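Participant: Sequence:
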Amino acid sequence: MGKPLDILKIIKLLNNAPDLTLDKSLLMTALDASEEDLFSLVKNLSVYSDVIIFENDKFHLKDKVDLLDDMSIFKRVEGSGRIAILDTVDSTNTFMIKNASMLASGDVVIAEIQSDGRGSRGGKWHSGLGKQLTLSVCYIFDSFDKLQGLSVGIGVATAISIERFGFENVLLKWPNDVYLDTLKVGGILIETVPYKNKVKAIIGVGLNVYDDDFGELTRDYGSMYKEKPENFKRNDLAAALINNIKKTCEDFNNGSKRMIFESFKARDEMLGKMIQVDNVQGTFVGRAAGIDNTGALLLAQDDKKISIRSGHITYLKDQ
Numbered sequence: 001m002g003k004p005l006d007i008l009k010i011i012k013l014l015n016n017a018p019d020l021t022l023d024k025s026l027l028m029t030a031l032d033a034s035e036e037d038l039f040s041l042v043k044n045l046s047v048y049s050d051v052i053i054f055e056n057d058k059f060h061l062k063d064k065v066d067l068l069d070d071m072s073i074f075k076r077v078e079g080s081g082r083i084a085i086l087d088t089v090d091s092t093n094t095f096m097i098k099n100a101s102m103l104a105s106g107d108v109v110i111a112e113i114q115s116d117g118r119g120s121r122g123g124k125w126h127s128g129l130g131k132q133l134t135l136s137v138c139y140i141f142d143s144f145d146k147l148q149g150l151s152v153g154i155g156v157a158t159a160i161s162i163e164r165f166g167f168e169n170v171l172l173k174w175p176n177d178v179y180l181d182t183l184k185v186g187g188i189l190i191e192t193v194p195y196k197n198k199v200k201a202i203i204g205v206g207l208n209v210y211d212d213d214f215g216e217l218t219r220d221y222g223s224m225y226k227e228k229p230e231n232f233k234r235n236d237l238a239a240a241l242i243n244n245i246k247k248t249c250e251d252f253n254n255g256s257k258r259m260i261f262e263s264f265k266a267r268d269e270m271l272g273k274m275i276q277v278d279n280v281q282g283t284f285v286g287r288a289a290g291i292d293n294t295g296a297l298l299l300a301q302d303d304k305k306i307s308i309r310s311g312h313i314t315y316l317k318d319q
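Using the UniProt record's numbering, the letters of the sequence shown map in sequence onto residues 1 to 319.
Keep in mind the hints are simulated off the structure, nothing from the lab. Given the structure is predicted, the values throughout are model-derived calculations rather than measurements. Even for Gly, the Cβ is constructed at its ideal location relative to N, Cα and C. Among the hints, erroneous ones may be present.
What the hints assert, rightly or not - Ranges of calculated distance between the beta carbons of each label pair, as one might list FRET restraints:
#1 Pro-18 to Ser-72: 22 to 30 Å
#2 Thr-182 to Glu-35: 42 to 50 Å
#3 Gly-272 to Asn-56: 58 to 66 Å
#4 Lys-198 to Arg-76: 26 to 34 Å
#5 Ser-80 to Leu-183: 29 to 37 Å
#6 Ser-143 to Pro-18: 54 to 62 Å
Unchecked claim - No farther apart than 25 Å at their CA atoms in a straight line, the calculated lysine to aspartate or glutamate pairs in the DMTMM-like style are these:
#7 Lys-62 to Asp-37
#8 Lys-12 to Asp-236
#9 Lys-273 to Asp-177
#10 Lys-64 to Asp-87
#11 Lys-62 to Asp-212
#12 Lys-58 to Glu-36
Kindly produce the complete structure, drawing on both the sequences and the hints.
Facilitator: Now the structure itself:
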């Protein structure tokens, strides 16, 4: 199930230690590791997080890490499917695609650390230890036609999941970005694998849960929380998100999309803005006018509206 990252064993031990601190010798004994191995593991972690401090022969956590727990999530998730939490993986979507032949509908993979997360158009999704929620869900659809507009539906499912925790300012940028106010906090990547006469959809969602250093990225990102609230765990968000994704997939497979698309319209981040859309058909400029009954973007140009199914969005200044 992915390449294990032994550093998480240290995190779990320190999470439960008095004052989040343990002597070096105690950690070496608990992990059956040499001093060299122990420091090597901590060095490996520093690529993703600086949460561990070493002083006076003691290892100390800056803050308790909100680790995921598969059983806590599993017992709250409805329907069939397995849940696997990987310590580290390049990308949950990549992992699922590589193992597609072994996946059943409803299977879920979540990563504590995603080292090479992928977004739309080849973008990267940074994942720091205990800061994000990065997961992929497999769902088997009866045909490719059933997936039409699915990214819009998964956006709504993600927004509803976030709103469950008291947020009222969740917006969706067509076709696959999630915003809180003016900052992007999440992204969606849907990929497909043929399966007999049906299709396996691999639905990836990445969310910035806690504030983090998002690395050398080309844009500003936000998070759900600047500081961890007392009565919240990532397990809670994971369970809500998985349930909402599964329900959305079921609705799409049954042809029940209308109410989902209406829900998107109420959260449409682009509505009324001047935009440029670039795709394989060319470049299109106009004013964002919502979505049609298939989930395609409506672009208003003079006295007409055109439907666009995919493309990269650039905001323009009003003329």
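Participant: State for each hint whether it applies.
Facilitator: A quick look at each hint next to the structure:
1. Pro-18 to Ser-72: 22 to 30 Å: Check passed, 24 Å falls within 22 to 30 Å.
2. Thr-182 to Glu-35: 42 to 50 Å: 48 Å Cβ-Cβ, so the 42 to 50 Å window holds.
3. Gly-272 to Asn-56: 58 to 66 Å: holds, 59 Å
4. Lys-198 to Arg-76: 26 to 34 Å: For Arg-76 against Lys-198, whose Cβ atoms are near 28 Å apart, the range 26 to 34 Å holds.
5. Ser-80 to Leu-183: 29 to 37 Å: Since the Cβ atoms of Ser-80 and Leu-183 sit about 36 Å apart, the hinted range of 29 to 37 Å holds.
6. Ser-143 to Pro-18: 54 to 62 Å: With Cβ atoms ~57 Å apart, the hint holds.
7. Lys-62 to Asp-37: Holds, at about 21 Å.
8. Lys-12 to Asp-236: holds, 19 Å
9. Lys-273 to Asp-177: Status holds; Cα separation ~16 Å.
10. Lys-64 to Asp-87: Distance of about 17 Å is within 25 Å: holds.
11. Lys-62 to Asp-212: Judged against 25 Å, a Cα distance of about 14 Å means the pair holds.
12. Lys-58 to Glu-36: Roughly 15 Å separates the two Cα atoms, so the pair holds.
Going through the hint list in order, the structure satisfies each hint without exception.
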